[in-house]
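I would like the entire structure built from these sequences, with the hints used as guidance.
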Amino acid sequence: MPGDRPGKARRFALSATTRGGMGFFLPVFALLSLLITLWILATPLMAYPDEPSHTIKAAAVSRGQFFPGPGESFGHGVHVQVPSYIANVQAQMCFPFQVTKPAGCAPAIPLDDNDLTIGVTSAGLYNPFYYWLVGLPSLVMSGAPAIYAMRIVSGLLSAAFYAAGFTALYRLRHPKWPLVAAAISTTPMVLFLGSGINPNSLEIAASMAAFCGLVSVLENSRHLERARPGILTVGIAAATLANTRNISLLWLLCGAIVACLFFRRADIVAIFRNRVVLVVTALATVGIVLGVAWNFLMLRAPASAGEAPAGISNVAGEVRPYNAFLTMMDKSFDFVGQYIGVAGWLDAPVPQAVQMFWSMLLIGLMLTVMLVRPYRLQAAFWVAVALLAVVPAVVQAALINTTGFIWQGRYSLPLFTIAVISAGLAMRFRPFGQRPQSMTIARILLVAGCVAHAYAFVNVLRRYVVGIQETANWQTMFTVPGWQPPLTWEVLTLAFTAAVLLCASKLFSYLFPGHALLPKRPWPSRTRRARKRPAAEAAAG
Amino acid sequence: MTGCSGGTPVSEVRGSLTAIGTPVQKGPIEAWSNAWSKELTATSLNYSPDGSGVGLTALATRQAYFAALDGPLTAEQQNQTKDVCGPAGAFSVPVSVTSIGVALNNPSLRNVKLTREVLAGIFSGSITRWDAREIADINPDITLPSDDIAPIVATEPSVETEAATKYLSADPAWTSGVSATWPKTDNGNTVTVKKHSDLADKVDKTPGGIAFMDLGSIGSRFETALLSFGGGYVRMSKDSAAAAAQEGTTRTLPTGVEFTLPETSNQGYALGVVGYQAFCGKYSNHQLSTLVKSWGTFVLSSDGQVSSTYFASVASPSEEAIRESKRLIDTIGDAQ
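In order, the protein sequences belong to chains A and B. Residue numbering for the first sequence follows the working numbering, beginning at 7 and increasing consecutively. Residue numbering for the second sequence follows the working numbering, beginning at 753 and increasing consecutively.
Derived by calculation from the structure, the hints in this document are not laboratory data. Watch out, some of these pointers could steer you wrong.
[Unchecked claim] Here are some chain A residues the structure puts well away from chain B; computed CB gaps all over 10 Å:
(1) Lys107
(2) Leu139
(3) Arg228
(4) Leu238
(5) Arg436
(6) Ala448
(7) Thr477
(8) Leu524
[Claimed, not checked] Cβ-to-Cβ under 8 Å is the rule here; a few derived chain A residues that face chain B:
(9) His85
(10) Asn94
(11) Gln96
(12) Ala97
(13) Ala114
(14) Pro116
(15) Thr123
(16) Ile124
(17) Gly125
[To be verified] Taking lysine to aspartate or glutamate and the EDC-like style, the derived pairs with C-alpha atoms no more than 16 Å apart in a straight line are:
(18) Lys918(B) - Glu869(B)
(19) Lys946(B) - Glu313(A)
(20) Lys946(B) - Glu324(A)
(21) Lys947(B) - Glu313(A)
(22) Lys107(A) - Glu476(A)
Ideal Cβ positions, reconstructed from N, Cα and C, are used throughout, including at glycine.
Laid out in structure tokens, this is it:
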């Protein structure tokens, strides 16, 4: 009926707040997708930790092999049937752990090796949700292009959750410090981890999105109609986390604890009186139950014919759980380098200058939180820092007698991201300086951040193009490259630098409306204007 | 056709091989795999050392492209593989000889000689001290320590234990026969570990310890006893193991090539385990059969045998056994 149209149109039209959110989400998603895709192209196939196992698992799941059958589990992993070029991705592994060796030793991946062959994956019992999505390109493509496409699907998933997290922060009443902190938490390692086939990055991104979404929901507990995108973000991220890895729910719990500590009990109770929250919570619960059910199902998976070999299991000696816990606590700060950037199979570290710069940002952020008053505003941040130190130590202690010491910094990145963003949240009521000095400091830090990102990117490329030698070998990247990524390393570096500068300039324009990160006029004219200014000021005075 | 990975050109021999089998061949297979993939860069091997029987089942159920075995294929086992490997089934060839030595942890013991009878006494619990008369009689030039002997054995069944008990059972003093597990004794000094691979660490930590272990695990870490195989006393080494292997006997049967170490040898060290690999006569496609044939050919080649001898301390089967085995490997084809 004609009279229904305006009502329907109203019902299905996006509200102004949702449109505003999408206006922020889409460009952020596009920029993050671009950065991650450039990392995907810059990282040689299988140069990403455990990528062979996850690639084989993804190709198998997309072909309907969700469960390992009886007699298909062996000491080194689960046997699946995948195209020959996927089963043989291990052949690409001629350069990992040998930092001096370029990636050019890897053989070409044929486009027509599509006979189904036995592939071995140590990720055989993992939840198939992520792998099904990521494996889809292998159904319609072949060879290296298929694997790059699988990586890109994985990267886009991560970019979507990171963008949702940024958007949730953007919708806070005082978003600037939280957004600055979220930008700091986007270390070179976070971008690198988005580049490979491995649910690790999705886990970090979904944890970040769930945490930021929950914060935005709690802040709007009295006006939840404004927080519907945040409610959806929390629901989707929670269900995704539950179906990513069995430990991911722990990150969700930690994020929820920290987010709740930023608000009053009344705010927490209030959100559960909202019908949308209850419906989304119910749907998310279904996803969480499915994820938990998978974990229980896999406890009853057909027994393996053998024990996991060294490398998959690192059980050594008689280390007791309490000793493993103390060892992890002892190493708390050792993992910071891996939060900032140790790419590849821990064989492509970012330069020390980048580590120093990011360490400075992290320490600066922490010291600034200490200035926040009243003290209760700091509480959630310190709890987040404590969780970052203690939770991985507890998990490692629990695993010590079954898998040995396996913990790497990247496993803790969901908690790291939550802790860094918590610093911004703790500071959110502090005024964001708009004075010229503040702008200059922000400009310097943002440009330095761009340089750090670009330097980390090109140094990781150097590791794969010519290898890291004892003597400087930047010039050989031009003269005798031992490997070239798609589009060449030169083009990727220029594109990445441009993309990261674009991100920084967008952030600067947002933080300082009406101002640009980089001067629009050439320096000489500015200099002339500066020279004239004292005379003009004198005349005015 | 190549993808956009920009790697080296595509080789005709390419793909991933998956194999399951005995833990005894873990070292040699790692050595062969490294050398094979270095030469043929578009290949890779996944090997899980879950046991000889598990390997054979995996081959017969399409879960492995070859199996590493502790012994030659039997006719019955060959029949089990006919569904997967074609009407002729699988066949097995000898690929390595893993020498088993008697490792000692007592700094006073150098060049000590031990007979089957003495070893039988030690491992059955009737000889409990290093200065026992039975040991002193055959080592008149050595001042033996007055320490307890601690025999160390693994409780899991293994082909190494089977080889050791077979060696001992040639003497009437050993009454427990040939077995894959060590018999229980009343000797309070006996130390047990669960896995064979744990023996080396336990011997290292146990003063007076003695154990049967493979040459690769012994390396230069432990002093070994000199044993007799019908001639003079022989020290275990790569050379003496190779000398014994050349005196072994070869038989070609419908199930493959069988290779047996000699019962007696004047200069060779003849206590060891012959490792076999079982392959299908036919594989499902040309790429796979080319890949498997390439593996088998490399393992039996002089480069392959040098790699396993150098990196895994195993000896080669005799030249005749290698020749016969190569002939069988050449017959591998595809069903297409």
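Hints and how they fare:
1. A cut-off of 10 Å between C-beta atoms confirms that Lys107(A) is not in contact with chain B; the least separation is 13 Å.
2. The beta carbon of Leu139(A) is kept farther than 10 Å from every beta carbon of chain B, the shortest such distance being approximately 22 Å.
3. Against the 10 Å criterion, Arg228(A) stays outside the reach of chain B, whose nearest CB is about 54 Å from its own CB.
4. No beta-carbon of chain B is positioned within 10 Å of the beta-carbon of Leu238(A); the least distance is around 37 Å.
5. Once the 10 Å rule is applied to beta carbons, Arg436(A) is consistent with being away from chain B; the minimum gap is 49 Å.
6. With a least beta-carbon separation of about 40 Å from chain B, Ala448(A) lies farther than 10 Å from that chain, consistent with its non-interface assignment.
7. The claim that Thr477(A) is not at the interface with chain B holds, since no C-beta of that chain comes within 10 Å of its own (minimum 26 Å).
8. Interface exclusion of Leu524(A) from chain B stands, the closest Cβ pair being 34 Å apart, more than 10 Å.
9. Against a cut-off of 8 Å between C-beta atoms, the interface hint on His85(A) holds, since the closest Cβ of chain B lies about 5 Å away.
10. The interface hint given for Asn94(A) is met, as the beta carbon of that residue sits about 4 Å from the closest beta carbon of chain B, less than 8 Å.
11. For the restraint placing Gln96(A) at the interface with chain B, the shortest Cβ-Cβ distance is roughly 4 Å, inside the 8 Å limit, so the hint holds.
12. The interface hint given for Ala97(A) holds, since its Cβ lies 4 Å from the closest Cβ of chain B, which is under the 8 Å cut-off.
13. Satisfaction of the interface hint for Ala114(A) is found here, the shortest Cβ-Cβ separation to chain B being roughly 4 Å, below the 8 Å cut-off.
14. The beta carbon of Pro116(A) is positioned within 8 Å of a beta carbon in chain B (closest approach about 5 Å), and the interface hint is therefore held.
15. At a threshold of 8 Å, the smallest CB-CB gap from Thr123(A) to chain B is about 6 Å, leaving the interface hint in force.
16. For Ile124(A), the interface hint holds, the least distance from its beta-carbon to any beta-carbon of chain B being 4 Å, beneath 8 Å.
17. With its C-beta approaching chain B no nearer than about 7 Å, Gly125(A) sits inside the 8 Å limit, and its interface hint holds.
18. A distance of roughly 13 Å separates the Cα atoms of Lys918(B) and Glu869(B); the hinted pair therefore holds under the 16 Å criterion.
19. Restraint check for Lys946(B) and Glu313(A): satisfied, since their Cα atoms lie roughly 14 Å apart, inside the 16 Å limit.
20. A C-alpha spacing of about 15 Å is found between Lys946(B) and Glu324(A), which places the hinted pair at or below 16 Å, so the restraint holds.
21. Straight-line distance between C-alpha atoms of Lys947(B) and Glu313(A) comes to about 12 Å, which keeps the hinted pair within the 16 Å bound.
22. With a CA separation close to 12 Å, the supplied pair Lys107(A) and Glu476(A) stays within the 16 Å bound.
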